[in-house]
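Work out the full structure, taking the sequences as your base and the hints as a guide.
Residue numbers (our numbering), protein chains in the order written: chain A, 1 to 160; chain B, 1 to 160; chain C, 1 to 160; chain D, 1 to 160.
No wet-lab data here; the hints were simulated from the structure. Small disclaimer: the values here were computed from a predicted structure and weren't measured. Beta carbons are placed, not taken as given, at the ideal position from N, Cα and C, and that holds for glycine. One or more hints might be untrue.
What the hints assert, rightly or not - Below, computed lysine-lysine pairings styled on DSS-like, alpha-carbon distance capped at 27 Å: (1) A:K52 with A:K159; (2) C:K51 with C:K147; (3) B:K147 with A:K132; (4) B:K2 with A:K2; (5) C:K2 with C:K38; (6) C:K160 with A:K159; (7) D:K146 with C:K159; (8) C:K159 with A:K159; (9) A:K146 with B:K160; (10) C:K132 with D:K2; (11) B:K52 with B:K132; (12) D:K2 with C:K2.
Said to hold, decoys possible - Now the stretches of chain B that chain A is said to cover, found in silico as 3 or more residues with beta-carbon under 8 Å: (13) 4-11; (14) 40-52; (15) 61-72; (16) 81-95.
To be verified - A few chain D positions that, by computed beta-carbon distances, are all more than 10 Å from chain C: (17) R6; (18) K51; (19) L64; (20) E98; (21) D118; (22) H128; (23) K146.
Protein chains: 4
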Amino acid sequence: MKDELRQLLETCIETGSKEDLEALSFMIEGVQRKINRKNSTYIDGLLHMEKKLDNHSCEITIPLNSAIHNNLNIVHGGITATVLDTAMGTLANYLLPEGYGAVTNQLNIHYTAPGIGDQLRCRAEIVHQGTKTFVISGEAYRSDGKKVAYASGTFFIIKK
Amino acid sequence: MKDELRQLLETCIETGSKEDLEALSFMIEGVQRKINRKNSTYIDGLLHMEKKLDNHSCEITIPLNSAIHNNLNIVHGGITATVLDTAMGTLANYLLPEGYGAVTNQLNIHYTAPGIGDQLRCRAEIVHQGTKTFVISGEAYRSDGKKVAYASGTFFIIKK
Amino acid sequence: MKDELRQLLETCIETGSKEDLEALSFMIEGVQRKINRKNSTYIDGLLHMEKKLDNHSCEITIPLNSAIHNNLNIVHGGITATVLDTAMGTLANYLLPEGYGAVTNQLNIHYTAPGIGDQLRCRAEIVHQGTKTFVISGEAYRSDGKKVAYASGTFFIIKK
Amino acid sequence: MKDELRQLLETCIETGSKEDLEALSFMIEGVQRKINRKNSTYIDGLLHMEKKLDNHSCEITIPLNSAIHNNLNIVHGGITATVLDTAMGTLANYLLPEGYGAVTNQLNIHYTAPGIGDQLRCRAEIVHQGTKTFVISGEAYRSDGKKVAYASGTFFIIKK
Numbered sequence: 001m002k003d004e005l006r007q008l009l010e011t012c013i014e015t016g017s018k019e020d021l022e023a024l025s026f027m028i029e030g031v032q033r034k035i036n037r038k039n040s041t042y043i044d045g046l047l048h049m050e051k052k053l054d055n056h057s058c059e060i061t062i063p064l065n066s067a068i069h070n071n072l073n074i075v076h077g078g079i080t081a082t083v084l085d086t087a088m089g090t091l092a093n094y095l096l097p098e099g100y101g102a103v104t105n106q107l108n109i110h111y112t113a114p115g116i117g118d119q120l121r122c123r124a125e126i127v128h129q130g131t132k133t134f135v136i137s138g139e140a141y142r143s144d145g146k147k148v149a150y151a152s153g154t155f156f157i158i159k160k
Numbered sequence: 001m002k003d004e005l006r007q008l009l010e011t012c013i014e015t016g017s018k019e020d021l022e023a024l025s026f027m028i029e030g031v032q033r034k035i036n037r038k039n040s041t042y043i044d045g046l047l048h049m050e051k052k053l054d055n056h057s058c059e060i061t062i063p064l065n066s067a068i069h070n071n072l073n074i075v076h077g078g079i080t081a082t083v084l085d086t087a088m089g090t091l092a093n094y095l096l097p098e099g100y101g102a103v104t105n106q107l108n109i110h111y112t113a114p115g116i117g118d119q120l121r122c123r124a125e126i127v128h129q130g131t132k133t134f135v136i137s138g139e140a141y142r143s144d145g146k147k148v149a150y151a152s153g154t155f156f157i158i159k160k
Numbered sequence: 001m002k003d004e005l006r007q008l009l010e011t012c013i014e015t016g017s018k019e020d021l022e023a024l025s026f027m028i029e030g031v032q033r034k035i036n037r038k039n040s041t042y043i044d045g046l047l048h049m050e051k052k053l054d055n056h057s058c059e060i061t062i063p064l065n066s067a068i069h070n071n072l073n074i075v076h077g078g079i080t081a082t083v084l085d086t087a088m089g090t091l092a093n094y095l096l097p098e099g100y101g102a103v104t105n106q107l108n109i110h111y112t113a114p115g116i117g118d119q120l121r122c123r124a125e126i127v128h129q130g131t132k133t134f135v136i137s138g139e140a141y142r143s144d145g146k147k148v149a150y151a152s153g154t155f156f157i158i159k160k
Numbered sequence: 001m002k003d004e005l006r007q008l009l010e011t012c013i014e015t016g017s018k019e020d021l022e023a024l025s026f027m028i029e030g031v032q033r034k035i036n037r038k039n040s041t042y043i044d045g046l047l048h049m050e051k052k053l054d055n056h057s058c059e060i061t062i063p064l065n066s067a068i069h070n071n072l073n074i075v076h077g078g079i080t081a082t083v084l085d086t087a088m089g090t091l092a093n094y095l096l097p098e099g100y101g102a103v104t105n106q107l108n109i110h111y112t113a114p115g116i117g118d119q120l121r122c123r124a125e126i127v128h129q130g131t132k133t134f135v136i137s138g139e140a141y142r143s144d145g146k147k148v149a150y151a152s153g154t155f156f157i158i159k160k
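What follows is the structure, given as structure tokens:
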């Protein structure tokens with residue numbers, strides 16, 4: 001496994017462009033964040049998520065670069081969705097007692113501006129907290145303050 | 001850059017678990033897919049997307065593993081959203097004449113079952129094709145045939 | 001009550017235009033449909049709903065006229081939503097055993113063309129039937145066959 | 001037309017229950033609101049909408065009664081959708097210059113509590129105002145202050 005990994009990296013280094021190697025570096029650093037427990041999942045690590053959390057909101061910021069772009073060289077809408085969903089789900093889980101978890105049942109996103117610039121900041125807030133579900137809203141902003149996306153979601157409360 | 005990459009990998013190899021190294025291998029292979037032009041973006045490569053496309057539908061299949069899991073050890077809903085959005089957007093772009101592109105304006109996803117098993121298959125179909133927008137539906141299935149998610153989205157037609 | 005109703009009608013007759021009286025006639029006929037049990041609720045009656053229902057779909061057709069228009073003289077999007085939601089909910093309730101009911105938890109509608117012409121036909125189909133929820137899709141068509149709207153919704157199964 | 005209307009009313013009066021006549025009265029009063037220009041459309045009149053509007057929000061309140069109930073004797077979700085959509089669309093139209101209008105392109109509603117009590121209050125606010133679209137959010141509340149629904153919608157700006 002280890003030698004295969006080294007060999008795999010060498011092949012990329014030989015054949016990849018500068019941009020490819022930067023993407024590679026970004027991703028390996030992402031896995032390292034998971035190894036170092038800076039992030040709790042590979043995806044959170046891969047996206048270099050920084051979280052702030054309190055009883056009313058969850059805010060996640062990620063750096064932007066070509067590793068998470070779509071064909072039009074802006075942030076892939078699925079990545080914005082991933083960060084919004086993570087912020088919303090993290091907030092729901094934070095508010096639940098031990099032994100309970102929240103899973104996304106429905107997610108709705110309006111995209112309002114291209115995701116460009118240095119970073120993306122996503123902020124989730126509670127719209128409704130019931131006994132079986134949460135409804136949570138989320139907003140995503142670029143470095144220049146422009147709103148990139150607006151989301152709402154239904155989260156089911158489950159026993160773990 | 002190259003030596004830093006090698007050093008970064010060595011640190012991961014030293015400190016990472018077997019699962020960490022597998023995730024790492026999966027991701028470096030993903031970048032390699034972009035380098036080899038098997039996929040057109042890093043995200044498509046990272047998720048090891050395999051696409052089938054015709055005038056009526058676009059189907060994308062990805063392998064599942066812990067690298068794309070959420071905290072509950074099932075596929076992160078944002079990853080399902082990413083593959084669905086990619087399938088829907090790829091279909092819209094395929095149907096447009098040269099010089100035009102389609103961007104996601106609104107995305108709506110109902111999650112219907114946990115994303116487990118070997119792979120995820122997403123299929124997009126046209127609901128409505130207008131002069132300014134597409135409405136496209138998408139469905140995601142697990143290896144055992146169970147429907148994992150159902151999506152619909154509005155795509156804006158833009159001049160590139 | 002009865003004399004007040006008669007007086008109310010006379011005031012409308014004196015002051016209303018031909019269009020006003022047609023709207024009035026349409027609405028009183030709607031209440032009559034409820035009285036005669038042709039429809040089970042006032043709203044169903046008011047909209048003159050005609051339903052067809054089997055194990056796989058529910059289809060509801062309504063006549064169109066200025067009584068249900070918005071400011072732009074096309075069918076109010078809320079009316080289209082009402083008919084779609086009714087078709088979807090009727091189908092869900094039809095598939096449930098005695099003692100159980102389905103309530104709308106989330107409704108998502110894409111409007112694809114102006115609602116004009118003689119009538120609106122809405123058709124609901126099951127996307128997913130689980131133990132706690134249904135996901136149901138719906139489509140609305142005009143007399144000329146053009147698709148007016150595309151909907152999906154989550155319905156919760158409750159004990160009545 | 002006039003005599004037919006009178007005859008139609010008499011038939012309802014003879015055969016209808018007290019609840020039927022109350023629904024009838026509510027609806028004829030609704031048409032009267034349109035005749036008297038208290039409301040600008042039959043639907044607004046029928047629902048007895050009262051609007052408050054400024055540059056930041058539009059609030060619409062309607063009285064609740066069995067005339068707008070569903071089979072479960074709570075407000076029909078389509079009626080809530082209609083009032084929310086009207087509040088959102090009214091706000092968008094208010095903010096546009098002469099000669100332009102806003103039409104609903106996508107509407108998404110989360111239902112969070114049964115619509116019971118004396119009245120329903122819907123409030124719309126701007127999420128995003130662009131050159132081609134608005135994204136607007138809406139919330140619906142019962143008399144006891146409980147949130148009944150949470151909505152978001154995309155509105156297209158058109159030349160009238």
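Status of the hints after comparison with the structure:
1. Only pairs whose Cα atoms come within 27 Å are accepted, and A:K52 paired with A:K159 is accepted, the gap being roughly 25 Å.
2. Distance restraint check for C:K51 and C:K147: the Cα-Cα separation of roughly 19 Å lies within the 27 Å cut-off, and the hinted pair is therefore satisfied.
3. Between B:K147 and A:K132 the CA atoms are separated by roughly 23 Å; this keeps the pair inside 27 Å, and the hint holds.
4. The straight-line distance between the Cα atoms of B:K2 and A:K2 is roughly 18 Å, inside the 27 Å bound, and the hint therefore holds.
5. Of the pairs offered as hints, the one joining C:K2 and C:K38 holds, with about 23 Å between alpha carbons and a cut-off of 27 Å not exceeded.
6. Note on C:K160 and A:K159: the hinted pairing holds, with a Cα-Cα distance of about 24 Å set against a maximum of 27 Å.
7. A C-alpha spacing of about 22 Å is found between D:K146 and C:K159, which places the hinted pair at or below 27 Å, so the restraint holds.
8. A distance of roughly 21 Å separates the Cα atoms of C:K159 and A:K159; the hinted pair therefore holds under the 27 Å criterion.
9. For the given pair, A:K146 sits about 22 Å from B:K160 by alpha-carbon distance, which is consistent with the 27 Å threshold.
10. In summary, the hint linking C:K132 to D:K2 is not supported, as the alpha carbons are separated by about 51 Å, beyond the 27 Å threshold.
11. Of the pairs offered as hints, the one joining B:K52 and B:K132 holds, with about 25 Å between alpha carbons and a cut-off of 27 Å not exceeded.
12. Distance check on the hinted pair: D:K2 and C:K2 sit about 18 Å apart at the alpha-carbon level, within 27 Å; holds.
13. Residues of the segment 4-11 of chain B lying with their CB closer than 8 Å to a CB of chain A number 6, which satisfies the three-residue condition for coverage.
14. Counting residues of the segment 40-52 of chain B whose CB lies closer than 8 Å to any CB of chain A gives 5, so the stated coverage by that chain holds, three being the minimum.
15. For the segment 61-72 of chain B, the proposed coverage by chain A is satisfied: 7 residues have a C-beta within less than 8 Å of a C-beta in that chain, meeting the threshold of three.
16. Here's how the segment 81-95 of chain B fares: 8 of its residues keep a CB closer than 8 Å to some CB of chain A, so the rule of at least three is met and the hint holds.
17. The claim that D:R6 is not at the interface with chain C is violated, since a C-beta of that chain comes within 10 Å of its own (minimum 7 Å).
18. The claim that D:K51 lies off the interface holds: its Cβ sits roughly 13 Å from the closest Cβ of chain C, which is beyond the 10 Å cut-off.
19. With a cut of 10 Å on Cβ distances, D:L64 stays outside the contact zone with chain C, its closest approach being about 13 Å.
20. Every CB of chain C lies more than 10 Å from the CB of D:E98, the least distance being 14 Å, so the non-interface label holds.
21. Annotated as non-interface, D:D118 keeps its C-beta farther than 10 Å from every C-beta of chain C; the closest such distance is 18 Å.
22. In this structure D:H128 is separated from chain C by more than 10 Å, as the shortest Cβ-Cβ distance comes to about 18 Å.
23. Here D:K146 stays apart from chain C, with its beta-carbon at least about 16 Å from theirs, past the 10 Å limit.
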